[in-house]
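Engineer: Listed below are the residues making up each chain.
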Amino acid sequence: MTNAVAAVRPARKKFKITKRVFSYPYVLFMLLFVVLPLVMILVNAFLDSDNNLTLENFKIFFTEKSSLIVLGNSVFVGLVTTLICLLIGYPVAYFLSKMSSGKVLVLFFVLPMWVNFLIRTLATKAIFLAMDVTLGMGTVVFGMVYNYLPFMILPLHTTLSSIDRSYIEAAQDLGADSSTVFLKTILPLSVSGIISGITMVFIPTISTFAISQLLSNGKIFLFGDSIQMKFDQGLYGVGSIMSIVMLVFVLVSNFLMNRVGRNNNNMGRSLW
Amino acid sequence: MKKRIPLIAVLLVAVLCISLTLAACDKSGAAGGSSSGKDELVIYNWEQYIDTGIIPDFEQYYYELTGRRLEITYTTFDTNETMMTKVLKNDANVDLICPSEYAIEKLMSAGFVKNLKEVENRLTEQYGGKYTFDNMHSNIEPEVMSAIKTMFSAVQAGDKTYDMTEYMVPYMWGTLGLLYNKNVVSEEELEKYGWGMLWNESNNPELEGKILVKDSIRDTYCAAVLYLKEYNKLPDGVSATQGVPYSELSVADLINCTDDALLKAAEEALTEQRDHIAGYEVDFGKDDMLNEIVYLDLAWSGDALWAIEESYDEEADDYLLGYYVPEIGSNIWYDGWIIPTSAKNELAAMLFIDYMCTPRSGARNTGYIGYTSAVAKDKLMSDQGAIDALLDVEYLWYASSEECKIFFDADGNSVFRYEWTEGDVYYLYADGSEAEIDDESTLTPAGYETDEDGYYLTADGENIVDADAMSYFFFDEGRYPEITETLGVMRDFGSANDKVVQMWERAKAGTDTPWVLIWCLIAITAVVGISAGAYFLKEYLKRRPRKLPKDASLSPDNGDTIA
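Chains A and B, in that order, give the protein sequences.
Numbered continuously in this note's numbering, the first sequence closes out at residue 272.
Numbered continuously in this note's numbering, the second sequence closes out at residue 563.
Hints may contain errors.
Claimed, not checked - Simulated crosslink set (DSS-like; lysine-lysine; CA at most 25 Å straight-line):
(1) B:Lys117 x B:Lys160
(2) B:Lys499 x A:Lys184
(3) A:Lys65 x B:Lys499
(4) B:Lys344 x B:Lys130
(5) B:Lys117 x A:Lys59
(6) B:Lys264 x A:Lys59
(7) B:Lys344 x A:Lys65
(8) A:Lys184 x B:Lys344
Unchecked claim - Here are the in silico distance ranges between beta carbons for each label pair:
(9) A:Ala130 x B:Tyr74: 46 to 52 Å
(10) A:Asn258 x B:Thr76: 56 to 62 Å
(11) A:Ala123 x B:Tyr74: 30 to 36 Å
(12) A:Ala130 x B:Glu191: 45 to 51 Å
Note that these hints are calculated values from the structure, not bench results.
Values in this document were obtained by computation on a predicted structure and should not be read as measured data.
Here a beta-carbon is modelled for each residue, glycine too, at the ideal position from N, C-alpha and C.
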């Protein structure tokens with residue numbers, strides 16, 4: 001400790017504008033708007049309505065069947081959305097990466113992202129209503145896929161287009177046909193992109209609430225909706241627990257994804 | 001790592017400093033109102049719940065009255081819960097709030113509301129009776145006051161009880177009911193099935209899946225328990241808290257009952273309801289009704305009246321929508337002005353409440369937001385300012401010679417004669433009430449002149465307000481329902497709130513299996529499986545003939561060992 005103080009003191013005397021100084025505003029921002037709220041959530045999770053320390057909130061959440069069902073449903077919706085996004089997004093990204101004009105075409109996929117997602121979702125709802133489609137789980141999944149597809153395509157496209165052509169040529173020289181080239185060369189090389197894509201899609205989808213509320217008229221009740229309702233009704237304790245559960249989910253899926261990513265040789269470049 | 005510790009410490013200190021300065025600014029800002037020479041009044045009201053033109057008018061009125069300038073800060077909230085959280089955490093530095101009755105109850109119990117009588121006495125003493133607050137006392141609909149008194153005469157706070165009428169002045173009131181599309185839902189259906197319409201008990205095929213209910217537990221719970229009562233589905237046995245059988249509870253007791261058995265029955269009803277409705281609306285119900293996306297909506301009378309007004313069809317000369325309160329009963333609600341204990345400018349707050357109770361302000365607010373003002377009906381009718389305000393927003397219009405004839409009866413009252421369809425004649429007095437005229441010969445024509453557009457003019461050249469318009473406005477059952485015991489006030493759920501919210505969440509989450517998701521998953525697995533299968537089949541077919549002509553030395557095994 002004394003060493004540290006000693007090391008800092010002379011530095012303070014001749015304060016210089018180093019590169020690091022420029023990061024201070026952001027660090028300050030992080031502390032105020034990321035760290036502080038997280039601490040507040042953590043504190044709230046252990047307080048009851050009269051501000052006494054309690055573990056009751058945990059009990060309420062984990063013994064209530066409906067909240068676990070809602071959580072399960074959310075994870076299920078997130079899973080299906082992610083898989084559909086991957087299934088649609090991968091071929092698109094693959095063909096775009098092979099085309100010379102792919103970069104421009106990717107722009108078209110990203111273009112809807114520039115429109116506010118609430119407006120997009122409301123427009124989707126209007127279209128469904130005009131087509132006389134009953135709002136429900138189907139429309140919610142559609143809305144999710146529609147909203148999050150660009151997040152899948154973008155990292156995949158980046159990874160796929162940065163694969164060195166010579167790997168593919170080498171595989172072909174060694175007698176692999178096109179499907180074998182894809183399965184044995186391109187797919188393993190794009191794993192990092194797939195992982196970024198999955199993380200980018202899965203995590204937001206399990207926490208979303210606006211899409212499910214708008215595209216099902218509130219009939220599909222997901223984890224995000226549940227948290228929102230808890231805070232609306234002033235049940236801060238349980239709401240905080242649920243936010244923490246969500247956070248744990250995010251961290252765990254991130255951790256798992258990183259593990260998978262590390263095991264696979266990071267040949268391709270991932271975007272995020 | 002060690003080096004960074006001071007940096008973080010410095011940043012933490014910085015954060016602390018900033019928040020402290022912010023807090024300090026907040027305080028000085030709130031207190032600095034009077035020092036800058038201007039009085040300040042902070043109002044905290046529902047969104048879009050006032051004629052915004054009234055605010056500058058009141059500032060002017062205040063100046064004329066007190067000789068001091070007033071600056072009004074008008075802030076809004078979207079739910080009672082948001083507002084309550086803010087107030088209960090002492091975060092709201094406001095002088096006036098307009099919550100619903102149950103929120104007032106909760107705030108009173110927590111000791112956050114000032115007694116208006118005491119405030120008034122204090123102000124009278126302080127200013128030597130310079131300011132009076134007569135409108136507040138004399139203009140409020142007495143029936144509304146008595147309804148509040150019966151329910152909230154003894155609000156518990158600590159070990160004492162308080163009378164809510166001393167703490168709040170009603171602002172708007174109304175009922176909960178059904179907003180329906182006249183083309184799809186008939187009045188007979190509504191009368192026969194009542195709240196059951198929200199469950200499509202009439203099995204109207206057009207209505208199935210075209211119903212919206214409010215995404216608010218208090219309102220849906222009220223509808224659900226009354227539905228249970230209507231269809232004799234209330235739980236058997238005696239209520240645990242009320243001590244009488246559920247079927248014998250009055251409407252007010254029933255909608256305030258949160259027994260486990262009743263909650264369970266309500267949950268079942270609400271879960272069952274999911275299959276019949278389009279969804280839960282937050283604020284789009286009115287629009288969806290107007291656009292005919294849905295045909296039935298659980299609505300508050302104020303919203304319903306607004307929507308009905310909007311739904312006027314010129315061609316059909318009729319309103320598309322209607323509002324119905326089921327006969328079995330409903331919820332009657334009140335929003336009212338309270339002065340929280342955090343209030344600093346009591347005088348301005350009291351004068352503002354008083355100003356809002358003038359017939360003209362009541363009429364302006366009603367005209368602007370469509371809700372029913374708590375200012376008494378007869379005060380509005382007899383006040384020229386109120387009538388003018390309603391004429392401005394076209395709730396009222398002038399009598400025209402094309403539509404009616406004006407007579408005087410034997411007592412000298414004006415009688416308006418209408419004959420919209422041939423032979424179907426009816427008579428109205430000038431205030432819109434019905435006149436029983438058996439013999440037209442007892443009437444003498446008023447002999448009013450008309451202007452070039454056909455509107456009647458009095459001897460002074462003034463237009464005359466149409467009696468039919470008065471009747472539409474003041475004798476509308478939706479706007480001015482008869483307050484009977486079938487209309488119950490809903491209290492705060494109190495300690496049962498968590499239980500009710502959990503029930504509501506279970507009902508909203510539903511129990512249906514997400515088949516769409518399962519099918520999607522199966523389809524995805526199938527697609528992946530088929531492509532994988534196709535690939536392996538191809539490999540297998542390719543490999544088999546290859547093996548036969550090839551030499552043993554060129555077998556793929558060699559390749560493997562090299563790698």
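Engineer: Now tell me if each hint is right for this structure.
Structural biologist: Structure-based check of each hint:
For a cut-off of 25 Å, the pair hint linking Lys117 of chain B to Lys160 of chain B stands: about 17 Å separates their Cα positions. Pair hint Lys499 of chain B plus Lys184 of chain A does not hold up; C-alpha atoms about 56 Å apart against a cutoff of 25 Å. This hinted pair checks out: Lys65 of chain A and Lys499 of chain B have alpha carbons roughly 14 Å apart, not beyond 25 Å. Distance hint between Lys344 of chain B and Lys130 of chain B is fulfilled; the C-alpha atoms sit about 19 Å from each other, no more than 25 Å.
Pair hint Lys117 of chain B plus Lys59 of chain A does not hold up; C-alpha atoms about 45 Å apart against a cutoff of 25 Å. A hinted pair counts as satisfied when its Cα atoms are at most 25 Å apart, and Lys264 of chain B with Lys59 of chain A qualifies at roughly 21 Å. Among the hinted pairs, Lys344 of chain B with Lys65 of chain A is inconsistent with the structure: their alpha-carbon atoms are about 47 Å apart, more than 25 Å. At most 25 Å may separate the alpha-carbon atoms for a hinted pair to count; Lys184 of chain A and Lys344 of chain B exceed this at roughly 75 Å.
Between Ala130 of chain A and Tyr74 of chain B the Cβ separation comes to about 38 Å, which falls outside the hinted range of 46 to 52 Å. For Asn258 of chain A and Thr76 of chain B, the Cβ-Cβ distance of about 45 Å falls outside the hinted range of 56 to 62 Å, so the restraint is violated. One distance hint, 30 to 36 Å for the beta-carbon pair Ala123 of chain A and Tyr74 of chain B, holds here, with the actual separation near 33 Å. Restraint check, Ala130 of chain A to Glu191 of chain B: a C-beta distance of roughly 34 Å breaks the suggested window 45 to 51 Å.
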